[in-house]
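Take the given structure of chain A and dock chain B to it, following the hints.
Chains as they are written, first to last, in this note's numbering: chain A, 3 to 263; chain B, 259 to 482.
I should point out that these hints are in silico values taken from the structure, not numbers from a laboratory.
These numbers were taken from a predicted model, which means no experiment stands behind them.
Careful: at least some of the hints might be erroneous.
[Stated by the list, open to error] Keeping only pairs whose Cα atoms sit at most 25 Å apart, straight-line, the calculated SDA-like set for lysine to any residue is:
1) K242(A) <-> V261(A)
2) K215(A) <-> S440(B)
3) K242(A) <-> E72(A)
4) K215(A) <-> V261(A)
5) K309(B) <-> F327(B)
6) K225(A) <-> A131(A)
7) K225(A) <-> N87(A)
8) K225(A) <-> L263(A)
9) K215(A) <-> K309(B)
10) K215(A) <-> N442(B)
11) K215(A) <-> I322(B)
12) K215(A) <-> A131(A)
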Amino acid sequence: MHRRLFLSLATLTLAALGTALPAYADALENIKAAGTIKIAVPQDFPPFGSVGTDLQPVGYDVDMAQLIGEKLGVAVELVPVTSANRIPYLQTGMADLVISSLGKNAEREAVIDFTDAYAPFFNGVFGPASVSVAVAADLAGHKVGVTRGSVEDLTLTELVGDGVDISRYEDNNGTISAFLSGQVELIATGNVVAAAILERNPPIRPELKFLVKDSPCYIGLNKNETALLAAVNAIIATAKTDGSLEAISQQWLGQALPVDL
Amino acid sequence: MRYQLNFDWLPQYLPTLIEGIGVTIYLIVVGAVVGCLLGIVCAWTRALGPKPLRPLVGAYVELIRNTPFMIQLFFIFFGLPSLGVQMNQLQAASLAMIVNLGAYSCEIIRAGINATPRGQFEAGASLAMGRFQTFRYIVLVPALQRIWPALSSQIVIVMLGSAVVSQIAAEDLSYAANFIQSRNFRAFETYIVSTLIYLALSVLLRQVLSGVGWALFPKRKAAQ
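So here's chain A without its partners, still in its complex pose (with noise of 0.2 Å):
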């Protein structure tokens, strides 16, 4: 029995070193040589990555990945992931890439390294034109809805103080419903949120008045790959400039790209 298993486990793991080594490798020439480059996109995340109606996954993060092997000539291979899975199909070697709306913080670092930012990711105060807040300080006086307990609703308690009528609703939907039926004049949520009412094209449009938490979307690689990390970060900063992200922000998200990104 035990000696089965270990055999078992013996075999597993030399099978997942077996598909890891070939990370070590330089990845930019692998990914040449094979002709296509395996870049892990969220299927469950809209707008950045679902899948649509013709069973394909599409979405921000998927345009994105779409662009990449474009300009690097190779062909695309989508591999789809969880949140909870997305780094580990990175560190063993099952993608190249991870475009998976993946945020960056002090532990991720530790073990992936990130390019620059390629997508905006944010929870800010929105409300139609009509409403004219630019600052926080300009809330005083209007109401505003919230997810209660959410991100934002903690940054924005804290910035605000007592002062300003927040309504704390049980979720995401409570809170959009507030909104479009006038309950309250602006709502703190995140842009991917909002991104979601706007498709719906409702009669009261929340655009951004303001950041409320600002946590840009990068893209993650292994460690010390530095001929792909400078491949990549040269293609975000040409479509920077060219516009081509511009038309991704605008088709998925229904906001311009923020200038400082």
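Relative to chain A, chain B alone:
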């Protein structure tokens, strides 16, 4: 099972809890008083009022008694603004409680009115009382006295049901509890405290209602 209860957060959030209790009490007072008045008017209409109005009241009662309270609340808060009727969360919550209790108390009070013996109406008529006088003095008071325990229970049920108004961000006791546990991450302790407060409120409300019963119907004991 080595969970350590921790109530260190209580002093800091006590004002939030007290505000929540205040809103819950406000809701139940407004809901119970106005709701019961609405119930009396509806019960009179349905039992003795003009015939054309009766199906109208019947429709209202059936609509409210056969739909969830939360949906009624959402309808008022998120739905009515589309028709141009805008109200804040506290007004919407009060209105929902009034409308809800109005329908239930209508049926309870109507049962009391229907149980009034025919002779009591005739007694009123023989004393040269008008229809309204007969209803006010001879029918309504004994009817209310008869159904007071059932009405009290319904008021307590509505008070406990008021917990869902936190869904539209009305800042009642449940809202306070949810708010606190989203900040201190001490869900168990927070809900222990709010459960005890609800229990105390219910017991207190029953005492108050039985006191009101004694005051309204001084001869209650003789009647039984």
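Margin query: Flag every earlier hint the structure violates by its number, smallest first.
Written below: 5, 6, 9, 11
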